[in-house]
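For the protein sequence lines, the chains are A and S, in the order given.
Each residue of the first sequence is one higher than the one before, counting from 0 in numbering that gives the first Met the number 0.
Each residue of the second sequence is one higher than the one before, counting from 0 in numbering that gives the first Met the number 0.
A portion of the hints provided could be inaccurate.
[Claimed, not checked] Calculated pairs, EDC-like style, for lysine to aspartate or glutamate (alpha carbon to alpha carbon, straight line, at most 20 angstroms): (1) S:Lys159 x S:Glu51; (2) S:Lys196 x A:Glu56; (3) A:Lys139 x A:Asp80; (4) A:Lys139 x A:Asp151; (5) S:Lys44 x S:Asp34; (6) S:Lys196 x S:Asp24; (7) S:Lys44 x A:Glu56; (8) S:Lys200 x A:Asp111; (9) S:Lys196 x A:Asp158; (10) S:Lys159 x A:Asp154; (11) S:Lys159 x S:Asp92; (12) A:Lys150 x S:Asp88; (13) A:Lys150 x S:Glu186; (14) A:Lys139 x S:Glu186; (15) A:Lys150 x S:Asp194; (16) A:Lys118 x A:Asp130; (17) A:Lys150 x S:Asp190.
[Claimed, not checked] Among chain S residues calculated to face chain A with C-beta under 8 angstroms, some are: (18) Asp76; (19) Glu150; (20) Ala153; (21) Gly157; (22) Glu162; (23) Ala172; (24) Thr188; (25) Asp190; (26) Leu195; (27) Ala198; (28) Asp199.
The hints are simulated quantities; they were obtained by calculation from the structure and are not laboratory data.
For every residue, glycine included, the Cβ atom is placed at its ideal position computed from N, Cα and C.
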Amino acid sequence: MSAIQPLQSIATTFDVASPFVDGGDLGAEIAALAIQNGNTQRATAHAQRAIDEADQERADAAQVQAIHSEASSMRAQAWVDGGIGVAAAFGDAFIPRAPTGGPSGWGAASTDLTAAATKMVDGFFAAAQHDDEADAASDKAAADRFANDAKDASDAANDATATINTALDFARSYVATEAQTQAAALHRA
Amino acid sequence: MLGAFDDTMAELYTVISELRQNVVDSGNGQVASNDAETQRQDAAKRAAIQQEQANAADSGSGFFASIGHFFGDVASDLVHGDVGSAFTDAGHDLDAAWNSPAFWSDLETGLRDVAIVAAAAGSVILTAGAAGIVVGAGIAAAVTTVTVTAEAGAALAGIKTGEFAANAEDASAGATQATNRMTELQELTTDVIADLKDADKSHQQSLQVLTQAMQTNDATIVAPASMTVKG
């Protein structure tokens, strides 16, 4: 009795260059293409996940920067308000009073001017701080959105892995069935 | 020839096994590194929250409590004849008051109230002067001085309270940063574990396939030999 002949259909040759499966075996080609497709999907999903996570990191950093910016604005407002308050107090002290003892025209103007300046500065800083708060909220929302996108990409990678595993199961089953068929044929011969 | 095939498969098996172990070790290392970083960020977050609370407007001793502590400590030390401790405690109490948001908030509010009262007193003096009631120039000057000093003092105290509010906001930013970083690290760890599971499963399957290939190869050696012996 002669030695068992090697099973030709199992000998799928993988090549880096396309096509990477020898022609002539449809089942093996389908399995290989499914695996290749799954690999590509998984690589794409991983790349997308990395991009989303990087975007999330940038949005998080922007949120923190916006809060720091608001703090900086609050600090500046404190100093400007303090400066105006001290200037107003010294204006009261050094601007000569009217002969009646009441505030002179310059004194009244100084009081009005400092009050208006305080309101204007407070309004300016409050607007800037609200802008910073809005930026922080917007950046936080963007970060959450990128986090969700990254999770979606992870899910897509998991789906691709499941596809690959299914293709591998199919390939194993296909090869085993084919081998059994050929062995049976050989046995009958 | 078939023995050479087994040798090659065995070598491949060893390489894949080592690769599998390396991937697992690398993944474990990344997870451990992320855990350590998470713990550092957690500590940073706690510190930031503490700093935020310390800079809150109602944090620390108020104006009268601070003054009370100051005089109480100094008086107690002096009564016990401990002059050195009196200086030490005084310095400590002054430092605590300087760094107490509640102290400066109370001081600002108090000085603004004083300025309002003094300004009202100044108006009364003006009204009295207009009505022909003579008020001493010294009193009018004193009222003006008190008004100006209180206004300026309130403005300066306002700078300090504003600084505390800004510091609290900065600390809030620090806490947010630490929280965000911990979330990112948690996601990274999840990614690493998922990728590690995939890679490990893939390597495991490769090893199973190699084992099957070697078993099949062995069977192809044994079966013909057996058939030849029988034949």
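Evaluation of the provided hints:
no.	hint	result
1	S:Lys159 x S:Glu51	15 angstroms, holds
2	S:Lys196 x A:Glu56	25 angstroms, violated
3	A:Lys139 x A:Asp80	31 angstroms, violated
4	A:Lys139 x A:Asp151	18 angstroms, holds
5	S:Lys44 x S:Asp34	15 angstroms, holds
6	S:Lys196 x S:Asp24	12 angstroms, holds
7	S:Lys44 x A:Glu56	17 angstroms, holds
8	S:Lys200 x A:Asp111	78 angstroms, violated
9	S:Lys196 x A:Asp158	14 angstroms, holds
10	S:Lys159 x A:Asp154	51 angstroms, violated
11	S:Lys159 x S:Asp92	18 angstroms, holds
12	A:Lys150 x S:Asp88	57 angstroms, violated
13	A:Lys150 x S:Glu186	9 angstroms, holds
14	A:Lys139 x S:Glu186	16 angstroms, holds
15	A:Lys150 x S:Asp194	14 angstroms, holds
16	A:Lys118 x A:Asp130	18 angstroms, holds
17	A:Lys150 x S:Asp190	9 angstroms, holds
18	Asp76	35 angstroms, violated
19	Glu150	4 angstroms, holds
20	Ala153	7 angstroms, holds
21	Gly157	5 angstroms, holds
22	Glu162	6 angstroms, holds
23	Ala172	4 angstroms, holds
24	Thr188	12 angstroms, violated
25	Asp190	7 angstroms, holds
26	Leu195	12 angstroms, violated
27	Ala198	10 angstroms, violated
28	Asp199	12 angstroms, violated
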